[in-house]
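Asker: Quick note, in the UniProt record's numbering, the sequence shown goes up one by one and the last residue is 263.
Honestly, the hints are just simulated from the structure, not real lab data.
It should be emphasised that the depicted structure is a prediction, and the values quoted were computed from it without experimental measurement.
Hints may be right or wrong, so weigh each one.
DSS-like, lysine-lysine: derived pairs with alpha carbons at most 30 Å apart [stated by the list, open to error]:
hint	residue 1	residue 2
1	LYS224	LYS250
2	LYS123	LYS161
3	LYS161	LYS245
4	LYS161	LYS208
5	LYS259	LYS245
DEER-style ranges, computed between Cβ atoms [to be verified]:
hint	residue 1	residue 2	range
6	ASP218	GLU196	25 to 33 Å
7	GLY149	GLU106	18 to 26 Å
8	LYS262	TYR129	42 to 50 Å
9	ALA100	ILE127	32 to 40 Å
10	TRP247	GLU106	50 to 58 Å
11	THR77	LYS262	51 to 59 Å
12	ARG88	ASP209	21 to 29 Å
Every residue, glycine too, gets a C-beta built ideally from N, C-alpha and C.
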Amino acid sequence: MSFPLLTRSLRGPQLSKTIRQSLTTTVRYQSTNTNTSKPATSTSTSTTSTAPKPTTTPSSSGSSPKVTPTLKDLLDTPPSPSNPTEDRIDWTRSFHGLSATPFPKECADILLAPTDPEEVEIKPDGILYLPEIKYRRILNKAFGPGGWGLVPRSESIVTPKMVTREYALVCNGRLVSVARGEQDYFSPDGIPTATEGCRSNALVRCCKDLGIASELWDPRWIRKFKAQYTREVFVEHVVNKRKTKIWVRKDDTVGYPWKETKF
1 MSFPLLTRSL RGPQLSKTIR QSLTTTVRYQ STNTNTSKPA TSTSTSTTST APKPTTTPSS
61 SGSSPKVTPT LKDLLDTPPS PSNPTEDRID WTRSFHGLSA TPFPKECADI LLAPTDPEEV
121 EIKPDGILYL PEIKYRRILN KAFGPGGWGL VPRSESIVTP KMVTREYALV CNGRLVSVAR
181 GEQDYFSPDG IPTATEGCRS NALVRCCKDL GIASELWDPR WIRKFKAQYT REVFVEHVVN
241 KRKTKIWVRK DDTVGYPWKE TKF
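Put together the whole structure using the sequences plus the hints.
Answerer: Below is the structure:
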């Protein structure tokens, strides 16, 4: 850039004003060239959704890492008929037959029969229960093998410590009850077993609506049963020598890893 020739008329304030105007023009020119030299960029961005990947756990032995199953890995979404009709009921959503009519008296007598104390078990913490296989025997006796079934109504939800899933109990083509089962597990290898335990837990909860073994939820019956058939004993763990108190049936002995002792 060349400045104008200095003459008498440009001396003093007029000279400073002329120089400032020239510098301003130069800055504007350089700014314009800088903006035009930059390539144009698009402000729009595109996102691509990816499916969640299973969690990998590194192996301490240096072998290939173990893959922890996730909800997406189970792929157990309940199938639904494409065109639900009266003959093709979508049991994953339908409540067909619920409370439509009572079951025949011969079925009701089997379902509501008093619980045999000889079949009731007790957990070390004092909780009474009936083994789930005995619920199946009662259902088979009341409706016949094939006359009842459990239908999954949701996907299996797998948390780091538990598996849970919702099931529906269907008897003679009618919905009887809906309950959510749950089962704890301690390692990813135990998830298949936990899913089966979750199913059995849902069956026991559904059978409450049919009145099967209803005494197990009656506090007075529980207290009488414990006083007559069970006892509390002090035991010692044979490995770590820890002492505690547990419940057992009077006709049962303390089993491994516990041994009866005095506190």
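Asker: Confirm or reject each hint.
Answerer: Results of checking the hints against the structure:
1. LYS224 to LYS250: holds, 14 Å
2. LYS123 to LYS161: Holds. LYS123 to LYS161 sits at ~21 Å (cutoff 30 Å).
3. LYS161 to LYS245: Holds, because 27 Å separates the two Cα atoms, which is no more than 30 Å.
4. LYS161 to LYS208: holds, 26 Å
5. LYS259 to LYS245: holds, 11 Å
6. ASP218 to GLU196: 25 to 33 Å: holds, 29 Å
7. GLY149 to GLU106: 18 to 26 Å: holds, 20 Å
8. LYS262 to TYR129: 42 to 50 Å: violated, 29 Å
9. ALA100 to ILE127: 32 to 40 Å: holds, 35 Å
10. TRP247 to GLU106: 50 to 58 Å: Since TRP247 and GLU106 have Cβ atoms about 37 Å apart, the given range 50 to 58 Å is violated.
11. THR77 to LYS262: 51 to 59 Å: holds, 55 Å
12. ARG88 to ASP209: 21 to 29 Å: Distance hint for ARG88, ASP209 holds at roughly 25 Å.
In this structure, the earlier hints numbered 8 and 10 are contradicted, and the remaining ones agree with it.
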